[in-house]
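Residue numbers (the working numbering): 999 to 1417.
For the record, the hints were derived by calculation from the structure and aren't laboratory data. Treat the hints loosely; a few may be bogus.
Restricting the straight-line Cα-Cα distance to at most 30 Å, the calculated cross-link-like pairs of lysine-lysine (DSSO-like) are [to be verified]:
1. K1282 with K1292
2. K1215 with K1172
3. K1292 with K1172
Label pairs and their calculated CB-CB ranges [what the hints assert, rightly or not]:
4. A1102 with V1400: 28 to 36 Å
5. I1389 with I1113: 29 to 37 Å
6. G1353 with L1156: 29 to 37 Å
7. Y1411 with I1106: 36 to 44 Å
8. I1208 with I1389: 42 to 50 Å
9. G1353 with R1171: 34 to 42 Å
10. F1311 with A1243: 15 to 23 Å
11. F1311 with Q1118: 36 to 44 Å
12. I1101 with K1219: 46 to 54 Å
A quick note: this is a predicted structure, and the numbers were derived from the prediction, not measured. Where a beta carbon is used, it is the ideal one built from N, C-alpha and C, also for glycine.
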Amino acid sequence: MHRLKELLIKYKVLVSNFSYLAVLQMITLLVPIITLPHLFSVLGDTTWGIVVFAQSVAIYLGILVSFGFNISATKDISIHREDTSKISEIVSSVFLIKAALFIASLLIITILIFIIPFFQDYKLLFLLSMWFCLYEFVFPIWYFQGLERMKFITFINLGSRIIFLVLIFVLIRKESDYLLVPVINGIGSVFSGVMAMIIIFRKDKVRFYIPKMVTLKYYFKESLPIFLSNLSQLYIKLNKIIIGAFIGLDEVAYYDVAEKITNLMKVPISLVSQTVFPKIVKDKSISFINKILKLNLGIQAILLVVVLTTAPFIVELVSGKEIPQATAALFILSLTVIPVVLNNAFAVQTLLAFGYKKLFARAIIGSGIVFGILILGMYIFDIWYLYGICIAVLISEVATSVLSYYYVRKNVYSQINPV
């Protein structure tokens, strides 16, 4: 007990941030799962599939708006947390770059609406779904993570998610109400953004100004390798678009169920990663990273056994009905949690934290190429099916693990002794 108290005191900030991140992640993932049976029942498989398809396009464009700042800006804020003028520079630069990228994302969706008939048929849905890009622009999670002050964003997101939860059940009563789904999400995004801005610019007294072009270029270039690596991992965001375009919109809805459950399994990985990343950036301890790796592997192994043995029940619980296709997809996608743990340890916590951004990008790009080859094979031989997409995702995650471990062993383990 005494040893436990010592550890809690030693890692007080980490424990606090982990607790708030746990609440934040559970809110973010559980609220959509709670509303899923209602949306499936009211909107139907096909209409809900169309809504998910539109959301997937917006999430795809959200990668452009995010531009990797959730990692690079978090690292910069963590390093310069005691320098108020530097923090003002980082915040101002990131917001200005994100503003330009948000405008670019709006132009892209507008062009898609003009040139693709399906997008024209549901143009209002696609435009309203851009709330996700707005959220990526206005909500600075990177600021609070860098300062290790997760309490603020937890309460902000709790408020926005409660608004979303209540409005979904109150307002969406029939199939024609499908447009209200992105509208309700957008309301929560605006609320979160406004509250975050108040904390940053009023409470924390961060000064916003227009930096010199050379400064903007610096932060743009610094985040570019991370953006490119995220871009190469588009298969994570692109899957629903591929399924909707080549397989069917009902299958988009089934895949979405399996993906939501798998993402819930990955919550502990994300929690631990986001909590310890600022500490790893400062300390660069290989032994600490190894401890985190073992912890994550143990947790995911237990969760994987539970999910594999109860998959049909979990799918019915989440969707409100039996969906054999979603159950089969879950069997495959749930296996990705193990390589994802390895990816996080080797790629994010080691390569990125130790400054090997180009090697990080190579590992991610390599896995993206593997996924692209698999999808190209499906296209050439015309063998599109839901489970093939799931298998391609699993193989790509394994490829990321192999490549990132290779780069870590060759460039980090060979130069730094575990301490």
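To see whether the hints hold, each was checked on the structure:
Taking the CA atoms of K1282 and K1292, the gap is near 17 Å; set against the 30 Å cutoff, the hint holds. For the suggested pair K1215 and K1172, the alpha carbons sit about 49 Å apart, so the restraint of at most 30 Å is broken. With a C-alpha separation of about 47 Å, the suggested pairing of K1292 with K1172 is violated against the 30 Å cut-off. In this structure the supplied range 28 to 36 Å holds for A1102 paired with V1400, their Cβ-Cβ distance being about 34 Å.
Checked against the hint of 29 to 37 Å, the pair I1389 and I1113 passes, with Cβ atoms roughly 32 Å apart. In this structure, G1353 and L1156 meet the distance hint of 29 to 37 Å, their C-beta atoms being roughly 35 Å apart. Look at Y1411 against I1106: about 41 Å separates their beta carbons, and that is inside 36 to 44 Å. At roughly 49 Å, the beta carbons of I1208 and I1389 sit within the given window of 42 to 50 Å.
Remark: the range hint 34 to 42 Å for G1353 to R1171 is contradicted by a beta-carbon distance near 53 Å. Taking the beta carbon of each, F1311 and A1243 are about 31 Å apart, not inside 15 to 23 Å as hinted. Between F1311 and Q1118 the beta carbon distance is about 41 Å. The supplied range of 36 to 44 Å therefore holds. One distance hint, 46 to 54 Å for the beta-carbon pair I1101 and K1219, is violated here, with the actual separation near 20 Å.
When held up to the earlier numbered hints, the structure conflicts with 2, 3, 9, 10 and 12 and fits the remainder.
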